[in-house]
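> Next come the chains, spelled out residue by residue.
4 protein chains.
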Amino acid sequence: MYKHQTQIRVRYSETDRMHYVYYGNYAQYFEVARVEALRNLGVSYKELEEVEGVLLPVLDYQIKFIKPAFYDELLTINTSITKLPEARIHFEYETLNEKNELINKASTTLVFVRKETMKPMMAPDNLFSKLKSYFS
Amino acid sequence: MYKHQTQIRVRYSETDRMHYVYYGNYAQYFEVARVEALRNLGVSYKELEEVEGVLLPVLDYQIKFIKPAFYDELLTINTSITKLPEARIHFEYETLNEKNELINKASTTLVFVRKETMKPMMAPDNLFSKLKSYFS
Amino acid sequence: MYKHQTQIRVRYSETDRMHYVYYGNYAQYFEVARVEALRNLGVSYKELEEVEGVLLPVLDYQIKFIKPAFYDELLTINTSITKLPEARIHFEYETLNEKNELINKASTTLVFVRKETMKPMMAPDNLFSKLKSYFS
Amino acid sequence: MYKHQTQIRVRYSETDRMHYVYYGNYAQYFEVARVEALRNLGVSYKELEEVEGVLLPVLDYQIKFIKPAFYDELLTINTSITKLPEARIHFEYETLNEKNELINKASTTLVFVRKETMKPMMAPDNLFSKLKSYFS
Chain A
961 MYKHQTQIRV RYSETDRMHY VYYGNYAQYF EVARVEALRN LGVSYKELEE VEGVLLPVLD
1021 YQIKFIKPAF YDELLTINTS ITKLPEARIH FEYETLNEKN ELINKASTTL VFVRKETMKP
1081 MMAPDNLFSK LKSYFS
Chain B
961 MYKHQTQIRV RYSETDRMHY VYYGNYAQYF EVARVEALRN LGVSYKELEE VEGVLLPVLD
1021 YQIKFIKPAF YDELLTINTS ITKLPEARIH FEYETLNEKN ELINKASTTL VFVRKETMKP
1081 MMAPDNLFSK LKSYFS
Chain C
961 MYKHQTQIRV RYSETDRMHY VYYGNYAQYF EVARVEALRN LGVSYKELEE VEGVLLPVLD
1021 YQIKFIKPAF YDELLTINTS ITKLPEARIH FEYETLNEKN ELINKASTTL VFVRKETMKP
1081 MMAPDNLFSK LKSYFS
Chain D
961 MYKHQTQIRV RYSETDRMHY VYYGNYAQYF EVARVEALRN LGVSYKELEE VEGVLLPVLD
1021 YQIKFIKPAF YDELLTINTS ITKLPEARIH FEYETLNEKN ELINKASTTL VFVRKETMKP
1081 MMAPDNLFSK LKSYFS
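So the protein sequences, as listed, match chains A, B, C and D.
Positions in the first sequence are counted from 1; adding 960 to them yields the working numbering.
Positions in the second sequence are counted from 1; adding 960 to them yields the working numbering.
Positions in the third sequence are counted from 1; adding 960 to them yields the working numbering.
Positions in the fourth sequence are counted from 1; adding 960 to them yields the working numbering.
Note that these hints are calculated values from the structure, not bench results.
Hints may be right or wrong, so weigh each one.
No distinction is drawn between identical chains; accordingly, a pair holds when it is met within one copy or between any pair of copies.
Stated by the list, open to error - Distance condition first, Cα-Cα at most 27 Å in a straight line; then the derived DSSO-like pairs of lysine-lysine:
1) Lys1065 to Lys1027
2) Lys1043 to Lys1006
3) Lys1075 to Lys1059
4) Lys1027 to Lys1090
5) Lys1079 to Lys1092
6) Lys1043 to Lys1059
7) Lys1043 to Lys963
8) Lys1006 to Lys1059
9) Lys1065 to Lys1075
10) Lys1065 to Lys1024
11) Lys963 to Lys1024
12) Lys1027 to Lys1059
13) Lys963 to Lys1065
14) Lys1075 to Lys1027
Using the sequences and the accompanying hints, generate a full structural model.
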């Protein structure tokens, strides 16, 4: 299993009139979390798109809320890749608040797509080989 | 079962550089869809908060993407309440594009909370009685 | 002068913990307002991009806030094109709340860019000729 | 004059189908920039609201775009407070891309409001005295 931790500070714009982080904004936080998890592996998602011509659209997303997050909190997101990617890559997320309480759990499945043809493809070699050492 | 249909036009701001509606933005569309579904029943979510002191935070949210949506498309969202609410209310959504293709399926569970105490409560009488006739 | 009116209902996601529409979200409303103003003229901004290969990035944007907008309000945006476009097109906006009070005034200047070369260009003929009758 | 520098990485959600950061999203970046500028002075905007009961809504905002920003760029925002606040506080911003090119210039004026009465007020003593040493 590959694990990575990212921190994100809640912006004013991300709160709603209930004083909570709007439920839809966590999708953005998890996008940041998985991109930073890949960067930490040595894989730039930007280069995956621009140099290797690979897109990674989201296939499914689910989240269970336990507690809300509030303005200006420094959230910690623990991101895990629990199995080696094939045609899809699955990420799991846990968000913790500043008191280290688990405030939600989420996951996303993304699918590798060749930009030129818009057809599904297997995980790029570079990403696969960098992840492989975490699954031995 | 109670069903309602809402249309939403995709804004430029809601697209991303993949040319798709960003996966996180559907949460906003479903918020609009369920609020309009309630309004059509004669229940204003704003008044629920401001007059009756009831909040309705989201407990869980899940979405499966089938196809992307694109800029300026007029999307149709079919919203269903499949059972009478108790302490929670569950909404199911289907999004259709302009060609009438199903592009995603989603659901949310929300929980009734008394604003003053922030404690869970049963669905307000007004909402419950308006929904009741759809479940006989 | 060409004038057009659009209505936009405030989404929960667009409010912030001050209970106001977040100051940054009006840019989205004005994007909707100018696209609808063009559509009403018979010009689809989507087709301008996709068929004619014209992009219209924003060059400047300014807004003065008079009063806030709140959740669920049905805002009215009055959009004006005050002079015929050349290499640039200028839009002015006034936002009114449900009580018909002026709550802000704004403007944007956008520049016509040929997508293929990313070079500035004059306003497309189709748009220019449709606007011309309003400036005689 | 008081100056502060903040860095913000562009999220995928913040891009649009033109591949640019959507013009409306800079308002969020400047919100982060001014809050971090205040934090660096020893003033927490969150505490200003929650402990001192002071709100700081935006009165006006203007931006001139010179170049676009792109996905995953690490932007640098230089924030300046050019004069001591009285009933209002004015911030100026310059955004630089990774090549250190100036990509836009912006400013915002915010007004101090007492939360309890929603009436304008003078800048809180704590903030004023911390800024004073930069204007001698």
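> Work down the list of hints and note, for each, if the structure agrees.
Here is how each hint holds up against the structure:
Proximity of Lys1065 and Lys1027 under a CA criterion of 27 Å is satisfied in both settings, with 10 Å inside one chain copy and 25 Å between copies. For the identical chains of this complex, Lys1043 and Lys1006 are intra-copy neighbours only, at 23 Å inside a copy versus 40 Å across copies, given an alpha-carbon limit of 27 Å. When the C-alpha separation of Lys1075 and Lys1059 is checked against a cutoff of 27 Å, the pair qualifies only between copies, where the shortest distance is 23 Å, while the shortest distance within a copy is 42 Å. For the identical chains of this complex, Lys1027 and Lys1090 are neighbours neither inside a copy (35 Å) nor across copies (30 Å), given an alpha-carbon limit of 27 Å.
When the C-alpha separation of Lys1079 and Lys1092 is checked against a cutoff of 27 Å, the pair qualifies only within one copy, where the shortest distance is 24 Å, while the shortest distance between copies is 46 Å. Taking identical chains as interchangeable, the C-alpha atoms of Lys1043 and Lys1059 are never at most 27 Å apart, the minima being 30 Å within one chain and 37 Å between chains. Proximity of Lys1043 to Lys963 under the C-alpha cut-off of 27 Å is restricted to the intra-copy arrangement: shortest distance 11 Å within a copy versus 39 Å between copies. With identical chains, the CA atoms of Lys1006 and Lys1059 are at most 27 Å apart between copies only, with a shortest distance of 17 Å across copies and 33 Å within one.
Proximity of Lys1065 and Lys1075 under a CA criterion of 27 Å is satisfied inter-copy only: 25 Å between copies versus 31 Å inside one chain copy. Taking the shortest alpha-carbon separations for Lys1065 and Lys1024, both the intra-copy value of 5 Å and the inter-copy value of 17 Å come in at or below 27 Å. For the identical chains of this complex, Lys963 and Lys1024 are neighbours both inside a copy (20 Å) and across copies (25 Å), given an alpha-carbon limit of 27 Å. Taking the closest pair of Cα atoms, Lys1027 and Lys1059 come within 27 Å of each other only inside a single copy of the chain (12 Å); across copies the shortest separation is 37 Å, beyond that limit.
Proximity of Lys963 and Lys1065 under a CA criterion of 27 Å is satisfied intra-copy only: 15 Å inside one chain copy versus 30 Å between copies. In this assembly of identical chains, the alpha carbons of Lys1075 and Lys1027 lie at most 27 Å apart only when taken from different copies (15 Å versus 38 Å within one copy).
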